[in-house]
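Q: Single-letter residue listing:
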Amino acid sequence: MAKIVDARGLPCPQPVILTRNALQENTAVTTIVDNQTAQHNVTRMAQKAGCMVQIEEQDDGIYLHINRAETPQEQAAPQPASVPVRGPLVLVIPGEFMGRGEHVELGNILMRGFFHTLGEVEPLPDAIVFFNSGVKLVVDGSPVLEDLQGLHDRGVKILACGTCLGYYELKEKVAVGEVSNMYTIAETILRAGKAVNL
Amino acid sequence: MTDKQYAVILVHSTNYALRAEKVLAKAGISCKLIPVPRHLSSDCGVCIRIERANQEAALQALKAACVEIEGVHEI
Numbered sequence: 008m009a010k011i012v013d014a015r016g017l018p019c020p021q022p023v024i025l026t027r028n029a030l031q032e033n034t035a036v037t038t039i040v041d042n043q044t045a046q047h048n049v050t051r052m053a054q055k056a057g058c059m060v061q062i063e064e065q066d067d068g069i070y071l072h073i074n075r076a077e078t079p080q081e082q083a084a085p086q087p088a089s090v091p092v093r094g095p096l097v098l099v100i101p102g103e104f105m106g107r108g109e110h111v112e113l114g115n116i117l118m119r120g121f122f123h124t125l126g127e128v129e130p131l132p133d134a135i136v137f138f139n140s141g142v143k144l145v146v147d148g149s150p151v152l153e154d155l156q157g158l159h160d161r162g163v164k165i166l167a168c169g170t171c172l173g174y175y176e177l178k179e180k181v182a183v184g185e186v187s188n189m190y191t192i193a194e195t196i197l198r199a200g201k202a203v204n205l
Numbered sequence: 116m117t118d119k120q121y122a123v124i125l126v127h128s129t130n131y132a133l134r135a136e137k138v139l140a141k142a143g144i145s146c147k148l149i150p151v152p153r154h155l156s157s158d159c160g161v162c163i164r165i166e167r168a169n170q171e172a173a174l175q176a177l178k179a180a181c182v183e184i185e186g187v188h189e190i
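Line order of the protein sequences matches chains A and B. Positions 8 to 205 (our numbering) are the ones given, in order, by the first sequence. Positions 116 to 190 (our numbering) are the ones given, in order, by the second sequence.
It should be emphasised that the hints constitute simulated quantities derived from the structure, not laboratory data. Errors might be hidden in some of the hints.
Below are the BS3-like pairs computed for lysine-lysine, each with C-alpha atoms no more than 27 Å apart in a straight line [said to hold, decoys possible]: (1) K164/A to K147/B; (2) K119/B to K55/A; (3) K180/A to K147/B; (4) K10/A to K55/A.
Counterexamples of contact, computed for chain A against chain B with all Cβ distances above 12 Å [what the hints assert, rightly or not]: (5) T37; (6) I39; (7) A56; (8) C58; (9) R75; (10) P95; (11) L131; (12) V203.
Keep in mind that this is a model prediction, so the values were computed, not measured. C-beta: ideal position from N, C-alpha, C; glycine also.
For reference, chain A alone in the conformation it holds in the complex (with noise of 0.2 Å):
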């Protein structure tokens, strides 16, 4: 018997989630959304981790028949490459640019992009820690602060430093995340099972 995932009107990421959820501790799962949003994001959350997933529009529901491929030979010898990080993945931002170069235009253009696609791709990072000129990108005006909070109301910690936001005089318009300190900032980076510098 397939597991039940009720996910009618619940907002984003949920039916994703519960979902994902689900199939973690089932083989078949079926996950009733009821809008198309929904169905296209767990078809492809599904989909990306190998699952089957067929389509059976009802009056009351979109039903997601989802079946995971068993794979035990994968999980018992996976490749070295493969062995997912243990502990969290944090993300570090020094600067308000991606990137160096001559032209900060150009460094901007690549930031305002990495944020927008950050929601679009897996993994989600645990933490994002802004420090340096990289706190202007969560305060008031910033051209990646849409991007941040849907990051944030995904379960995305994100962490600025204090001294930082105090320098530049942007400690009142803080949009998004927790004013932080040196001593959470260098716990949350050293305790990371993976810290990508950007």
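Given chain A, put chain B in place with the hints provided.
A: Below, chain B alone, put in the same frame as chain A:
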């Protein structure tokens, strides 16, 4: 969550994308500079995402400002 319908406007270069963004902002049309979706191009380029409801107005504003467009795709 609001379920907005979007379209992307592709242009010939990054500089055109920046110009398009400025033109649309000036015209009061909300837009977002985003990487070209993977299914549209394998190049690492940027494009302008708008709400479909604003598509006509956006294209007119860009035409008036002489920003040449490569294509429009619904996403």
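Q: Each hint: holds or not?
A: Structure-based check of all given hints:
1. K164/A to K147/B: 24 Å, holds
2. K119/B to K55/A: Judged against 27 Å, a Cα distance of about 24 Å means the pair holds.
3. K180/A to K147/B: The given pair, whose Cα atoms are some 22 Å apart, holds under the 27 Å limit.
4. K10/A to K55/A: At roughly 20 Å apart (the allowed maximum being 27 Å), K55/A and K10/A satisfy the hint.
5. T37: Given that every Cβ of chain B is farther than 12 Å from that of T37/A, nearest at about 23 Å, it holds.
6. I39: 18 Å, holds
7. A56: 18 Å, holds
8. C58: 21 Å, holds
9. R75: R75/A is indeed farther than 12 Å from all Cβ atoms of chain B, at 25 Å.
10. P95: Holds: least Cβ distance 26 Å, greater than 12 Å.
11. L131: The claim holds: L131/A sits with its nearest Cβ about 17 Å from chain B, beyond 12 Å.
12. V203: At roughly 18 Å from the nearest Cβ of chain B, V203/A sits farther out than 12 Å, so the non-interface label holds.
The earlier numbered hints are all upheld by this structure, with none contradicted.
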